Every structure is written in C-alpha cells, then in structure tokens.
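Q: Residue numbers (the working numbering), protein chains in the order written: chain A, 1 to 55; chain B, 56 to 384; chain C, 385 to 608.
Everything labelled a hint here was simulated from the structure, so no lab data went into it. Hints should not be assumed to be uniformly reliable.
Claimed, not checked - Here are the computed lysine-lysine pairs in the DSS-like style, where the Cα-Cα straight-line distance is at most 27 Å: (1) C/LYS433 <-> B/LYS84; (2) C/LYS497 <-> C/LYS433; (3) B/LYS361 <-> C/LYS489; (4) B/LYS119 <-> B/LYS309; (5) B/LYS81 <-> B/LYS104; (6) C/LYS433 <-> B/LYS245; (7) C/LYS404 <-> A/LYS51; (8) A/LYS51 <-> C/LYS433; (9) B/LYS350 <-> B/LYS340.
Unchecked claim - With beta-carbon atoms standing in for the labels, derived distance ranges: (10) C/ARG486 <-> A/ALA33: 25 to 33 Å; (11) C/SER540 <-> B/GLY120: 35 to 43 Å; (12) C/HIS565 <-> B/ALA355: 23 to 31 Å; (13) C/LEU583 <-> A/ALA33: 54 to 62 Å; (14) A/ILE31 <-> B/ARG382: 36 to 44 Å.
The model shown is predicted, which means the values in this text are computed figures rather than measured ones. Don't be surprised by glycine CBs; every beta carbon is placed ideally from N, CA and C.
If you want the building blocks of each chain, they are given just below.
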Amino acid sequence: MISVEFFRISKNAWGQETLLGVSWDLIWVFIGAAVLFILVHIIYKWLFAPKKSEV
Amino acid sequence: MLRDMMSTFELQQPSSVADALAILKKAGKDSWVMAGGNDSLSWFKDRVKQPKTVVDISGIGELKGIREGANGIEIGALTSLTEIVNNATIKAKFSLLSNATGKVASPQIRNTGTIGGNVSQDARCWYYRGGLTCYRAGGNTCFADTPTAMNREHTLFNASRCVAVSPSDIAPALVALDAKMVIQNRSGTKVVDAEKFFVGPAVDIINMTILKHGDILTAIRIPNTWANSTFYFEKVADREVWDFPLVNVAAAMKVSGGTIKEMRIAVGGVEAVPKRLQVVEDLAKGQKKDINLAKLAAKASMRGAKPLNFNHFKIPLMKNLITRTFRDS
Amino acid sequence: MNSQPIQDTKDSDNIVIRHKIPDRIYHWIMATAVIVLLATAFLPIAGLKFPWVTVHWIAGVILCVIVIVHIVRALIWQDRASMNIGLSDIKHAQQAFKWVLRTSKQQPNRPGKYPLLQKLYHHGIAAIVLLLIATGGLMLAKIDTPFWQRNPYMLSAETWGYIYVLHDLAAMAVLALLMIHIYFAIRPEKLWITRSMILGWITRQEYHDNHDPEAWVIETDKSK
Chain A
1 MISVEFFRIS KNAWGQETLL GVSWDLIWVF IGAAVLFILV HIIYKWLFAP
51 KKSEV
Chain B
56 MLRDMMSTFE LQQPSSVADA LAILKKAGKD SWVMAGGNDS LSWFKDRVKQ
106 PKTVVDISGI GELKGIREGA NGIEIGALTS LTEIVNNATI KAKFSLLSNA
156 TGKVASPQIR NTGTIGGNVS QDARCWYYRG GLTCYRAGGN TCFADTPTAM
206 NREHTLFNAS RCVAVSPSDI APALVALDAK MVIQNRSGTK VVDAEKFFVG
256 PAVDIINMTI LKHGDILTAI RIPNTWANST FYFEKVADRE VWDFPLVNVA
306 AAMKVSGGTI KEMRIAVGGV EAVPKRLQVV EDLAKGQKKD INLAKLAAKA
356 SMRGAKPLNF NHFKIPLMKN LITRTFRDS
Chain C
385 MNSQPIQDTK DSDNIVIRHK IPDRIYHWIM ATAVIVLLAT AFLPIAGLKF
435 PWVTVHWIAG VILCVIVIVH IVRALIWQDR ASMNIGLSDI KHAQQAFKWV
485 LRTSKQQPNR PGKYPLLQKL YHHGIAAIVL LLIATGGLML AKIDTPFWQR
535 NPYMLSAETW GYIYVLHDLA AMAVLALLMI HIYFAIRPEK LWITRSMILG
585 WITRQEYHDN HDPEAWVIET DKSK
C-alpha cells in the first residue's frame with residue numbers, strides 16, 4: 001500500500017519537531033493529477049466532444 | 056542532551072562485502088554503515104542519529120590491508136590508520152600520506168580508526184553535531200552563519216547555506232596524491248577520483264561525499280604518478296593531538312634543479328571539501344621554488360576567500376601554510 | 385460564424401495582431417524563468433545533483449522583476465477589460481456546458497480576445513506565481529547575495545515552516561499547470577494560438593472563426 005506523508009517534519013536530538021515543508025512525495029500527486037487531466041481531455045476530445053458540424 | 060545512551064538498533068556484522076550490500080538493501084534507508092566506529096558511536100551516543108539497523112563492516116577481511124601493485128598501492132578501506140602510518144612502502148613512496156595519517160586524532164583513535172572512515176566522516180560543526188535541525192541535518196537553516204554564531208572553525212571558501220568544513224587530515228593528502236576511491240554497490244564497482252569523491256553543500260547539503268545509501272567505500276588506490284615526489288604536510292589545530300584541523304595543507308611536487316615541474320596541492324579545514332588549489336599549481340609550474348614564489352602562491356591561494364565573523368584568522372594561517380609549503384618542503 | 389471565407393494566409397492586410405512584441409517577450413522570459421526555477425527546484429530532489437541555489441534565486445529575482453513590469457504595464461497601458469471575467473463569460477460557459485452535454489444544439493458564442501478558460505488559467509497561475517514570489521522573496525533573507533547578508537532569524541522556525549509549505553505547494557501546482565499549458569499549446573487545434581505567441585499574429589480567418597469581433601475590436605494599426 002502506498003502511503004503519502006503530507007509534511008516534512010524534522011525531529012532534533014531532544015525530540016522537538018519542526019515543520020520543514022511539504023513532503024516531496026506530493027510532487028507525484030501533482031504530476032499524476034496533470035497527466036490524468038490531460039488523458040481525460042484527450043479521450044474526451046477524441047470520443048465525446050461535439051464537432052462543430054453537429055451544430 | 057542524553058549522552059552515552061544509544062537508542063536501540065539492530066546490529067548486523069557481515070563477513071563479506073556482498074553480505075553487507077545485501078543487508079543494506081534489505082534494511083532500507085534507515086540503516087547505517089559503521090567501520091571503526093569513532094564517528095558513528097558519537098552520533099549514536101548523542102542520539103542525534105538513530106538508525107534502525109547498524110551494519111558493522113569491521114569484520115570484513117577483504118577490506119583490510121595494503122597491497123602493492125605495478126601501478127601503485129591499494130589500501131583497503133578498513134585498514135587502520137596506525138597500519139598506514141607504519142607501512143614501509145607508504146613511508147618510502149608516499150610519505151605525504153603517512154605524515155597526514157600520523158596527524159589524525161590520537162594514537163588510540165588511529166588504532167581503531169580506518170582510512171575509509173576518516174575520509175567518509177561527517178562534518179564537525181557544533182550546531183550540526185549538537186543535534187540542531189540545520190541544513191545538513193535536513194532542515195532549513197544554518198545556525199553557524201549568523202552574526203552571533205560560533206564559527207571560528209568554519210569555511211573560508213564556497214559556502215552555500217551550510218558553512219561546515221571537511222574535518223579530515225587524510226582527505227587533502229589523497230587529493231594531492233590523485234588517489235582513486237573504489238566504491239562498491241549492488242550494481243557493481245566504480246572508481247572515482249578523490250577530488251570528485253567529496254562534495255560541497257551547493258551540490259549536496261546533507262552528504263559530504265558522493266557515497267549514497269547502498270554504497271560502500273572498499274579501497275583507496277594511490278597511483279605511482281606522485282611516488283617519491285617532494286611532499287609537504289602540515290596541520291594546525293588548537294591542540295597538538297586529538298583535534299581536528301583548523302587548516303591543514305598537503306602538497307606533492309616534482310622538483311628538478313630547484314624548479315617545480317608539476318605539483319598538486321590541497322587544503323583542508325577551509326571548505327566543505329578538501330580545497331584543491333589549482334591556481335597555485337598553475338602558478339608554480341615551471342617556476343623556481345623560492346620565497347618569492349611562496350609569497351605569490353600564498354597571495355593567490357586566497358582568491359575567493361570569504362571569512363565568517365569569527366574565522367578571519369584562517370586567512371593569515373592558510374597563507375602562512377602555503378608559504379611554508381614552498382619554503383620548507 | 386462569418387460566412388465569408390477569408391484567405392487563410394499571412395500578408396500584412398490579412399493578419400490580426402494578437403500579442404504585441406513586449407507581451408511576447410514578457411511571456412517567453414517568464415516561461416524561461418519558470419522552467420529554470422522548476423528544474424533547479426525539482427531535479428536535485430529527483431536525484432540529479434548540481435549547484436542549484438544561485439541559479440534558482442537569480443531566476444526567481446528575474447521572474448519577480450518581470451511580473452512587476454507586467455502588472456504595471458497591464459494596469460496602465462493594456463486593455464484590462466479583456467481579462468476581466470464578466471456576465472458574458474458566465475453566459476458563454478452555460479452555453480458551452482449545454483452544447484457539450486448535447487442539451488442544446490446552439491454552439492456557444494465566440495468569446496472576445498480571451499475565452500473564459502484562458503482567463504481562469506491566467507488568474508489561477510498568476511495567483512500561484514505571486515504566492516511563490518512572496519514566499520521566495522522572504523527566503524532570499526536566508527542566503528547571502530552581493531546585496532545583503534543572510535539573516536535566518538528574521539522569522540521563527542515555525543513561521544519559516546509555513547512559508548516553505550506554501551512555497552512547496554505553489555511550486556508543485558505550477559509544475560502541474562505548466563504541463564497542462566504545454567499540452568494545450570501543442571494540441572493541433574490550438575497551434576494558431578501558440579503561433580501567435582511566437583510570431584504575434586493570427587489570420588483574419590482565425591480571428592473570425594474564434595473571436596467575437598464585437599467583443600474584441602481589433603486595432604486598425606497592423607504594426608507589431
């Protein structure tokens with residue numbers, strides 16, 4: 001199972017936690033969302049989009 | 056901070072490099088390669104590094120010993136520093152290396168410390184070692200480069216966010232000798248120039264060498280190119296023994312009739328990597344080895360120096376060491 | 385739609401300037417800066433190690449300067465109304481929805497200079513880039529430049545953490561939006577728009593086919 005952490009958090013020798021930023025794993029979520037959008041659009045344009053001649 | 060109270064970890068003691076590599080793969084990124092333990096155990100005892108698995112490679116026989124070949128010598132990464140200091144071939148052909156190694160820490164540490172561990176050791180910055188989440192520890196801040204920070208041991212050159220320096224005495228000597236580092240991982244073996252083995256924070260702010268998880272430094276090869284040259288090594292530290300260098304210098308020169316035909320020179324303690332002074336090498340080539348060249352080289356070596364608040368003293372110190380390299384070698 | 389076929393070739397009388405030279409220069413400098421920023425940000429994370437910090441902050445400063453120039457130019461000299469989202473855009477969107485869902489046979493009206501989706505994309509990426517510039521500008525306080533010395537204690541560690549979260553999220557969003565932007569730029573039916581961002585012009589045929597001449601009244605001066 002893929003688990004994605006949302007934040008990068010450091011823990012020092014005393015156990016104190018500091019927020020560092022967003023987990024780099026999220027890059028793949030954004031890239032995946034863009035690729036998904038593009039694929040859905042390609043399929044939509046190819047199969048479902050009304051042609052101008054349909055007017 | 057809790058001291059001398061290591062967190063628990065699984066200890067693995069492989070007897071071959073192949074086994075060590077297999078264990079590293081199985082243990083994943085939260086594992087740690089330990090050789091002599093001088094660097095590793097201080098990290099663990101301070102609880103700054105808390106790996107889940109420690110792979111103690113000190114029992115791997117194939118990584119120990121000094122072998123002489125036709126093209127030079129090969130030193131196993133687990134060879135103790137004492138053995139290197141006392142080795143007759145190294146003393147005779149590469150006294151630069153035995154001198155530099157003899158200046159590392161103390162006799163007790165040289166007995167347990169390995170050459171692989173010495174060149175792979177981590178930065179000695181107070182703030183990093185103290186457990187603060189600085190850039191080198193994966194954080195977003197350098198605590199050593201602020202107006203009030205204690206940074207007398209830190210960089211003169213090429214700082215990039217992090218200002219920690221290379222703490223090794225042996226590393227500049229290996230760069231000066233044009234040594235090759237043999238690295239093994241599950242994909243095979245690669246050989247890298249010593250100069251390229253060390254990386255600065257501009258490229259990698261977390262690691263001081265190119266070693267990645269799953270890599271093991273197995274040997275260091277020193278080619279005969281600089282065998283029996285004129286060598287110079289000097290280290291300046293706050294204490295005569297058991298201390299890291301404020302600045303050290305290692306040089307190898309081919310001198311003929313008082314003229315320098317060729318040379319390599321590297322300085323430690325002033326940058327995150329051993330700083331090779333190519334400008335000095337170019338300047339010295341074909342020049343008479345005299346005090347005028349020494350002074351000129353010292354001046355040229357300072358190009359690009361950018362001292363921090365408390366380490367301006369390193370500028371005259373390094374200049375003097377460069378001068379002495381030419382005057383006293 | 386215009387029933388009069390118009391010659392679909394480029395000559396000075398037959399073209400309409402869609403993007404003037406300053407706008408095209410702005411677009412491509414911004415594109416270069418954004419690509420350099422994304423490459424220097426994400427390639428080292430992906431494992432390609434190189435000295436990225438200096439290139440990153442210089443590209444960031446260039447982006448900041450050029451965005452300021454663009455904002456000033458857009459507010460003072462350009463036709464601001466062409467980028468406003470108004471009632472007509474909502475109406476077009478409704479028509480488009482019905483047409484796409486085939487509940488209406490009426491093809492949506494042609495937009496003015498910019499269709500609604502282009503405006504939405506522009507405003508979305510503009511907001512994200514402004515967020516990146518604001519957070520990235522603050523981060524400049526943490527590095528030494530020829531102009532100032534670093535001061536990491538300007539803000540607390542916690543505040544810096546939030547700034548990094550915003551910067552990271554915005555950068556990832558720009559990466560995704562850039563991928564979508566490039567996808568549309570290379571779609572065959574959109575190449576005339578891409579060409580206009582390179583050469584500046586569209587043909588009169590393209591103008592009449594894709595734009596409402598009443599909503600986008602072209603300038604009589606054809607000079608680029």
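Q: Hints first: check each against the structure and report whether it holds.
A: Status of each hint after checking the structure:
{"no.": "1", "hint": "C/LYS433 <-> B/LYS84", "in the structure": "19 Å, holds"}
{"no.": "2", "hint": "C/LYS497 <-> C/LYS433", "in the structure": "44 Å, violated"}
{"no.": "3", "hint": "B/LYS361 <-> C/LYS489", "in the structure": "72 Å, violated"}
{"no.": "4", "hint": "B/LYS119 <-> B/LYS309", "in the structure": "31 Å, violated"}
{"no.": "5", "hint": "B/LYS81 <-> B/LYS104", "in the structure": "20 Å, holds"}
{"no.": "6", "hint": "C/LYS433 <-> B/LYS245", "in the structure": "18 Å, holds"}
{"no.": "7", "hint": "C/LYS404 <-> A/LYS51", "in the structure": "32 Å, violated"}
{"no.": "8", "hint": "A/LYS51 <-> C/LYS433", "in the structure": "48 Å, violated"}
{"no.": "9", "hint": "B/LYS350 <-> B/LYS340", "in the structure": "15 Å, holds"}
{"no.": "10", "hint": "C/ARG486 <-> A/ALA33: 25 to 33 Å", "in the structure": "28 Å, holds"}
{"no.": "11", "hint": "C/SER540 <-> B/GLY120: 35 to 43 Å", "in the structure": "53 Å, violated"}
{"no.": "12", "hint": "C/HIS565 <-> B/ALA355: 23 to 31 Å", "in the structure": "50 Å, violated"}
{"no.": "13", "hint": "C/LEU583 <-> A/ALA33: 54 to 62 Å", "in the structure": "32 Å, violated"}
{"no.": "14", "hint": "A/ILE31 <-> B/ARG382: 36 to 44 Å", "in the structure": "59 Å, violated"}
The structure shown violates the earlier hints numbered 2, 3, 4, 7, 8, 11, 12, 13 and 14.
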